[in-house]
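Participant: Using the sequences and the hints, build the whole thing.
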Amino acid sequence: MLILEYMSKYKLKSSKSILKRFKITATGKLVRHRACRSHLLCKKTSQHKQKLRKVVVVKYVDAISLRPKIL
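Residue numbers (my numbering): 280 to 350.
In short, the hints are calculated from the structure, not lab data.
All C-beta atoms, glycine included, are put in the ideal place defined by N, C-alpha and C.
Please note that a few of the clues may not be correct.
Unchecked claim - In silico DSBU-like pairs for lysine-lysine, Cα to Cα no more than 30 Å straight-line:
#  : residue 1 : residue 2
1  : K290      : K348
2  : K333      : K302
3  : K338      : K302
4  : K299      : K333
5  : K328      : K308
6  : K308      : K290
7  : K290      : K330
8  : K338      : K348
9  : K338      : K322
10 : K330      : K302
Said to hold, decoys possible - With beta-carbon atoms standing in for the labels, derived distance ranges:
#  : residue 1 : residue 2 : range
11 : Q329      : K292      : 17 to 27 Å
12 : T324      : S293      : 13 to 23 Å
13 : Q329      : S293      : 29 to 39 Å
14 : A314      : S293      : 17 to 27 Å
15 : I343      : K295      : 17 to 27 Å
16 : K290      : C315      : 29 to 39 Å
17 : L319      : K292      : 28 to 38 Å
18 : R313      : I343      : 16 to 26 Å
19 : R346      : L320      : 27 to 37 Å
20 : C321      : Y289      : 29 to 39 Å
Facilitator: Set out below in C-alpha cells:
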C-alpha cells in the first residue's frame with residue numbers, strides 16, 4: 280500500500296519520438312502529418328502532393344493510447 284502511494288506521485292517520461300510526430304491542438308486533439316511525402320514525388324500528381332501537405336486529426340481510438348505517452 281505504501282509503495283503504491285509513493286509510485287503514483289511520479290510522472291512518466293513522455294516519449295520523445297511521439298512528441299516529434301504528433302502535436303496537441305488547443306482543443307486537445309492530436310494532429311499528425313501525412314506519410315508518403317519524403318521521396319518518389321515525381322510520380323505523384325500535384326493534387327495528391329497538395330493533399331499530403333495537410334495535417335490530419337488522429338482518430339479517437341488511437342489518441343487514447345498515445346495521450347499518456349505525450350503528457
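Participant: Each of the hints needs a verdict: does it hold here or not?
Facilitator: Tested hints:
| no. | hint | verdict |
| --- | --- | --- |
| 1 | K290 <-> K348 | 10 Å, holds |
| 2 | K333 <-> K302 | 13 Å, holds |
| 3 | K338 <-> K302 | 13 Å, holds |
| 4 | K299 <-> K333 | 17 Å, holds |
| 5 | K328 <-> K308 | 24 Å, holds |
| 6 | K308 <-> K290 | 21 Å, holds |
| 7 | K290 <-> K330 | 38 Å, violated |
| 8 | K338 <-> K348 | 16 Å, holds |
| 9 | K338 <-> K322 | 29 Å, holds |
| 10 | K330 <-> K302 | 19 Å, holds |
| 11 | Q329 <-> K292: 17 to 27 Å | 37 Å, violated |
| 12 | T324 <-> S293: 13 to 23 Å | 38 Å, violated |
| 13 | Q329 <-> S293: 29 to 39 Å | 32 Å, holds |
| 14 | A314 <-> S293: 17 to 27 Å | 23 Å, holds |
| 15 | I343 <-> K295: 17 to 27 Å | 20 Å, holds |
| 16 | K290 <-> C315: 29 to 39 Å | 35 Å, holds |
| 17 | L319 <-> K292: 28 to 38 Å | 36 Å, holds |
| 18 | R313 <-> I343: 16 to 26 Å | 21 Å, holds |
| 19 | R346 <-> L320: 27 to 37 Å | 32 Å, holds |
| 20 | C321 <-> Y289: 29 to 39 Å | 50 Å, violated |
Hint compliance for this structure: hints 7, 11, 12, 20 are broken, all remaining hints hold.
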